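Novice: In case you want the letters, here they are:
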Amino acid sequence: MLFRLTGGDWRIILYHLGRMLHLLSLVFLLPLVPALFYGELDTLPHFLLTSGLTLLLATLLSRSCQTEEPMELKHALCLVALAWLSASLLASLPLWLGGACASPLDACFESLSGFTGTGLSLVTDPDHLARSVNFHRHLLQFLGDGVGIVAVSLAVLGRTEISSVLAFRGEAREEGIRPSVVRTTRLIFGMAFTFFLVGAAMFTLAGIYEGADPGTALFDGICHSFTGYATGGFSPHSQNLMYYHGMIYEIVAMVLMVIGALNFNLHYALLTGKRGEVFRNTEARVFFLTTLLLGTFTVLLLFSRGIYSSAEALFRRGVFQLVSAQTTTGFSTVPSLHLALLWPLPLLFLLSLAMLLGGCANSTSGGIKSLRVGILLKSLALELRRPFLPRSAVVGERFHHLRDSPLTPQLVRGAAVVATSYLLLFVAGSLLTMAYGYGAEQAMFETSSALSNVGLSCGITSPSMPVGLKVTYMLLMWMGRLEVITVLVFLIALALGLQRRRME
Amino acid sequence: MRMAFRKLGIRGFLRRNFDFLSGVLLEFLTASSLLLLLAALCFLVVTLSSL
Chain A
10 MLFRLTGGDW RIILYHLGRM LHLLSLVFLL PLVPALFYGE LDTLPHFLLT SGLTLLLATL
70 LSRSCQTEEP MELKHALCLV ALAWLSASLL ASLPLWLGGA CASPLDACFE SLSGFTGTGL
130 SLVTDPDHLA RSVNFHRHLL QFLGDGVGIV AVSLAVLGRT EISSVLAFRG EAREEGIRPS
190 VVRTTRLIFG MAFTFFLVGA AMFTLAGIYE GADPGTALFD GICHSFTGYA TGGFSPHSQN
250 LMYYHGMIYE IVAMVLMVIG ALNFNLHYAL LTGKRGEVFR NTEARVFFLT TLLLGTFTVL
310 LLFSRGIYSS AEALFRRGVF QLVSAQTTTG FSTVPSLHLA LLWPLPLLFL LSLAMLLGGC
370 ANSTSGGIKS LRVGILLKSL ALELRRPFLP RSAVVGERFH HLRDSPLTPQ LVRGAAVVAT
430 SYLLLFVAGS LLTMAYGYGA EQAMFETSSA LSNVGLSCGI TSPSMPVGLK VTYMLLMWMG
490 RLEVITVLVF LIALALGLQR RRME
Chain B
9 MRMAFRKLGI RGFLRRNFDF LSGVLLEFLT ASSLLLLLAA LCFLVVTLSS L
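Protein chains in written order, with our numbering: chain A, 10 to 513; chain B, 9 to 59.
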C-alpha cells in the first residue's frame, strides 16, 4: 500500500520551498554587481524584478504554508525536485528579458541547463550578451551544481538539522563529510569557494598570457572558474574555450575539471592531512583508471585515423574532449560539427560511454559515478570467482572509500538501481531523438550529454531544434542531476495525488 | 623579506593553514599528474609511429 501525500505533506514541502526561495531571491541580486561595475543599467530592472518576484513567492509560500511538522524523506525528495524546477523557472526571467534567449522555453532550457551543471546552451550570441547576464548564467552553474543550492539554503537558513540532511540526500549527495550536515554543506561551500578563487586567478593569468586584455581575462576567468569547478561547461564565448586557443588556458581548465569531479570527502581528507587517501580510495582509482583507459583509446583512434598527427593536437583536442566528457563538464576545444562529421564513429560511442560513467559520487559531476562503477565491477569479479571456489568457502569483497568497507548486497543493489535507471533513460532519450530524424550515434551522444549533465554537443542542441526535443532534454537534465529516483518519487507523488482527486 | 612576511601576518597564516594549503596544492598536483600521463601517452604514440 502506497502512502499518498496529503495536504499536510504538501504544506511541509511548500513551506520549505518558500524558505529556499528566500535565499534565492538574494542570489538573484548578485549579478547587480557586474551590472553596476560595467554600467549595464538596462539589465538592472530584470534582476530586480526576478529577485522581487522570487521574494514575493517565497513570502507567500512560507507564510501561507507555515508548519512546525518535521520533514521526512518523501517531503525532502519532492522538495528538491520541485525546488530545481521552480528555481530554474525563476532564473530564466533575466535570460529572457535580457534577450539572451529567443523564447521563454529556450530561457527555461538555459537556466535548467545552468542549475543542473549541464552546459547545453540555447543562447544565440553569448559573446555580445551583457556581462551581468553572462555572470548570471555562470553563477547558476556554480550554485546549482557546484554547491547544491537546496541543501545549502536549508543549512544556512535552517534551524532544524533533519531538513538539511534529507535535502542533502535528495540532491544526490548521500554521504556527509562531518557529523553535522549543516557544517558539511558550509564546508562544501568553503571548499568550492577556495577552488573557485584559485581557478579564477589561474584562468585570469592564463588569459593575460594568451593575449587577452586584463579586464576581459578577469571576467572570463571568473566565469570559467565558476563553471570549470562546477563541471558545468558554460562559457561567455560562443566558441567556448576555442576562443583563447591556448594550451595553458586549456590545461588550467582540465586541472579544474578533474578537481571538480573528485569526491567532496576525498577533498576533505586531503585538505585535513590524510594524504594517502587519494591512492587508496577505490572511487578515485576507478575514476583515474577509466580516464587513462578511455584516454588511451581516444588518442589511438584519433591518431590511427589521421585526424590529428601531432602530440600537441592529440592532447589539446582528443584528451581535452575526453577529460571534459568524463568529468561531465562540457568545455570544448573542438567545434560540434567536427565531432559529428570528422571524428570517427567509435569515438562518439566512446565519449558517450565516458559521459555515462561520469566522475565521482558526492562531487559536482554527473553520470552513474565511479563509486557505483567500482562497486558493480567488484561485484562482477566476485560472481566470476565464486564458481571456482569450494562450496564451503565464505567469499566477500571489500573496497576502500575513506575506510575499508565490505561489499554488502544493499550497496550493490543501490548501485545497480541507479545504473539501470540511467541506462533506461539513456535508451529512451536516444530513441526519442532518433524519432526526430537524427542518426543513432548523434542521438546517443546528445542524450548521454543531457542525461549526465555534460554539455558537449554534436550539433543537435540549437535554438532551432524541435520543441519536443527541448522538453525531452530538459527532463533528462533534471532527472540526471537528481539521480533519477528523486524525480521519480516526485512524479509518483503527483500521479497518486491526481488519482485520488479523480476518485473523489 | 622575513620581517615583511611576519608583519603582514602571512607567516602565521601559512602556519595555521598549512594542512589546508598543502592539501590544495596536492589536489592540483594529483590532477596535473593524470594529465601529464595522458600527455606522455600522446607523445609516445606519435614518437613510436615515426620510428
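These aren't lab readings, by the way, just hints derived from the structure by calculation. The structure presented is a predicted model; accordingly, all values stated were derived computationally and were not measured. Note that the Cβ used here is the ideal one computed from N, Cα and C, for glycine as well. Be aware that one or more of the hints could be misleading.
As the list claims (entries may be wrong) - Label pairs and their computed distance ranges (CB to CB):
(1) B/52 - A/475: 19 to 25 Å
(2) B/28 - A/13: 32 to 38 Å
(3) B/48 - A/448: 52 to 58 Å
(4) A/81 - B/48: 50 to 56 Å
(5) A/446 - B/58: 29 to 35 Å
(6) A/98 - B/14: 52 to 58 Å
(7) B/55 - A/283: 36 to 42 Å
(8) A/285 - B/55: 32 to 38 Å
(9) A/397 - B/37: 51 to 57 Å
(10) B/52 - A/222: 27 to 33 Å
To be verified - Rough simulated footprint, nothing fancy, chain A against chain B, three-plus residues with beta-carbon under 8 Å:
(11) 25–37
(12) 41–55
Novice: For residue 81 of chain A and residue 48 of chain B, compare the CB-CB distance with the range 50 to 56 Å and indicate the outcome.
Specialist: 52 Å, holds
Novice: Would you say the C-beta atoms of residue 397 of chain A and residue 37 of chain B sit inside 51 to 57 Å of each other?
Specialist: 41 Å, violated
Novice: Between the beta carbons of residue 48 of chain B and residue 448 of chain A, is the distance compatible with 52 to 58 Å?
Specialist: 35 Å, violated
Novice: Taking a Cβ-Cβ distance under 8 Å as contact, does the segment 41–55 of chain B have three or more residues in contact with chain A?
Specialist: With 11 residues closer than 8 Å to chain A, the segment 41–55 of chain B meets the three-residue bar; holds.
Novice: Check the following: the C-beta atoms of residue 52 of chain B and residue 475 of chain A are separated by a distance inside 19 to 25 Å.
Specialist: 45 Å, violated
Novice: May I ask you to test the hint 32 to 38 Å on the CB atoms belonging to residue 285 of chain A and residue 55 of chain B?
Specialist: 34 Å, holds
Novice: State whether the coverage of the segment 25–37 of chain B by chain A holds or is violated, taking the criterion as 3 or more residues with Cβ-Cβ distances under 8 Å.
Specialist: holds (count 7)
Novice: Does the Cβ-Cβ separation between residue 28 of chain B and residue 13 of chain A fall within 32 to 38 Å?
Specialist: 48 Å, violated
Novice: Please check whether residue 98 of chain A and residue 14 of chain B have a Cβ separation lying inside 52 to 58 Å.
Specialist: 54 Å, holds
Novice: Do the beta carbons of residue 52 of chain B and residue 222 of chain A sit within 27 to 33 Å of each other?
Specialist: 38 Å, violated
Novice: Indicate whether the distance between the beta carbons of residue 55 of chain B and residue 283 of chain A respects the range 36 to 42 Å.
Specialist: 38 Å, holds
Novice: With 29 to 35 Å as the target window, see if residue 446 of chain A and residue 58 of chain B comply at their CB atoms.
Specialist: 43 Å, violated
Violated hints, listed in ascending order, are 1, 2, 3, 5, 9, 10; each of the other numbered hints is respected by the structure.
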